[in-house]
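S.K.: Chain residues, written in single-letter form:
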Amino acid sequence: MKFFFELGRYLLFLRSMFFKPERFSVFVERTLHEMNNIGVGSLPIVAIISIFVGAVTTVQTAYQLISPFIPVKIIGTIVSDSSLLELAPTITCLVLAGKVGANIASEVGNMRVTEQIDALEVMGINSSGYLGLPKIIAGLIMIPCLIIFANFLLISGGILAAQLTGIMPPNEFIQGARDTFTFFTLSVSMTKAFVFALIITSVSTYEGYYADGGALEVGEAGTRAVTRSCIFILFFDFIIAKLMLNA
Amino acid sequence: MLELQNINKSFDDKQVLFDINAKFEPGVPNLIIGASGGGKSVLLKCMVGLMKPEKGNILYDGRDFVHLEYEQVKEIRREIGMLFQGTALFDSLTVAENVKFPLKMFSKMNDSEMKDRVNFCLERVQLGGAGEKYPAEISGGMKKRVGIARAIAMNIKYLFCDEPNSGLDPITSRVIDDLLLDITAEYGITTMIISHDMKTAFDIGDKILFLYEGKIRWQGSKNEIHSAGKEIKELGAFIASSQI
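Quick mapping for you: the protein sequence lines, in order, are chains A and B. Going letter by letter, the first sequence gives residues 1 to 247 in the numbering used here. Going letter by letter, the second sequence gives residues 1 to 244 in the numbering used here.
It should be emphasised that the hints constitute simulated quantities derived from the structure, not laboratory data. Watch out, some of these pointers could steer you wrong.
[Unchecked claim] BS3-like mimics (lysine-lysine), calculated; alpha carbons at most 25 Å apart, straight line:
1. LYS74/B <-> LYS14/B
2. LYS14/B <-> LYS2/A
3. LYS222/B <-> LYS207/B
4. LYS52/B <-> LYS23/B
5. LYS23/B <-> LYS74/B
6. LYS133/B <-> LYS157/B
7. LYS104/B <-> LYS55/B
8. LYS74/B <-> LYS108/B
9. LYS199/B <-> LYS20/A
10. LYS52/B <-> LYS20/A
11. LYS20/A <-> LYS23/B
12. LYS23/B <-> LYS222/B
13. LYS104/B <-> LYS2/A
14. LYS104/B <-> LYS20/A
15. LYS55/B <-> LYS74/B
16. LYS115/B <-> LYS157/B
17. LYS23/B <-> LYS207/B
18. LYS55/B <-> LYS215/B
Turn these sequences into a full structure, and let the hints guide you.
M.R.: So, in structure tokens, the structure goes:
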């Protein structure tokens, strides 16, 4: 029963955001600010994780494929396809759920418990739209950009690891990656990026918006935002894979 | 003028407001006094639309706030200023930006006009030099004054104050009371002050309403309290003691 209550409230919350902004210039300003927070602020962590995941995937794939019957460039194929289809969108978004999601939930939750959201409402401002919509739009723009960046760094990390550990030269890795690359694979990656971006920003804003109590409850809202975002990301990861890659 | 007609509010099975009827005139401070848990804040939240009463009407110059469409409610809310108990200033904005916020959202002023208005409001609450500070860098009394400046930045008709003296020392408390009294008379606004401070009631309350266990027990001017019955005087003493 509680699940349906939460689901209904979440959907109503999403609907309540889509009103005409009170002042469009303020809305644009807030969206740009959020784009900076979500996108630029997450670049270092996304870069570090992507390079290392790419490197580790290359080394582990090579370890499993040592056979004179398998061409070595197949490692490049596997690493690049895994990056596009799963590692870049899913791993990056799970990390972003922790970094961006917790940040959004605690920011909005703190505004709730200190009556700042009530102050917005009393002024006649649609608080859910004012707080939530810029975050969702910023997430929908910046998270796919971060995923493209992560894809690039994952493959770069793989090439670097292959070169440094003597598994294979970069040109063979790139040849393997090119052999099976299709724009459809990239579109699966981007579909996941958009869906996960919506999940991270909306679930986190929702959890913060309905935080009730004090500092302890704001912390709990942050934890719930991360946990629920991760669960939804994994669930929709499966749904998208099933729908788009169903052989 | 603000009028409450038969306001009832309950949470699950517990009714917290029972048939509240009252009229609040402009230009004078109206005080709602009651012990903690007596329904004061719920009544205030109903009046500003943060909660919806199950029954009754809230009339802002004859416009029924409870039964209007959302867009019409928003129009009335632009005539409302509110000083929150915890001030509710935006942490990420400076004092001047907090005062500028409603102007930026709703007024048609240009930057220079907004700047002048912000300076005027800050000067009015004796905070002329604090514009560049952040809320975390100023005292509780100053925060309350910034809250008042933000509330009057737009040309409001109604000012709601939730426990304006809570957490303040007696001297700062008196400064805030005087400021509210002056602003109410100066701009001719309808001011509602929620408090459990009997001193505030006697200092600035022109109309006083005793709310106890969700019911209005007495309403009248502060001069009429002296001629009120023994039961009301005891209730006043009880409310005064409940803040200790």
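S.K.: Hint compliance check: list the failing hint numbers for this structure, sorted ascending.
M.R.: Going through the list in order, the structure violates hints 1, 6, 7, 9, 11, 13 and respects the others.
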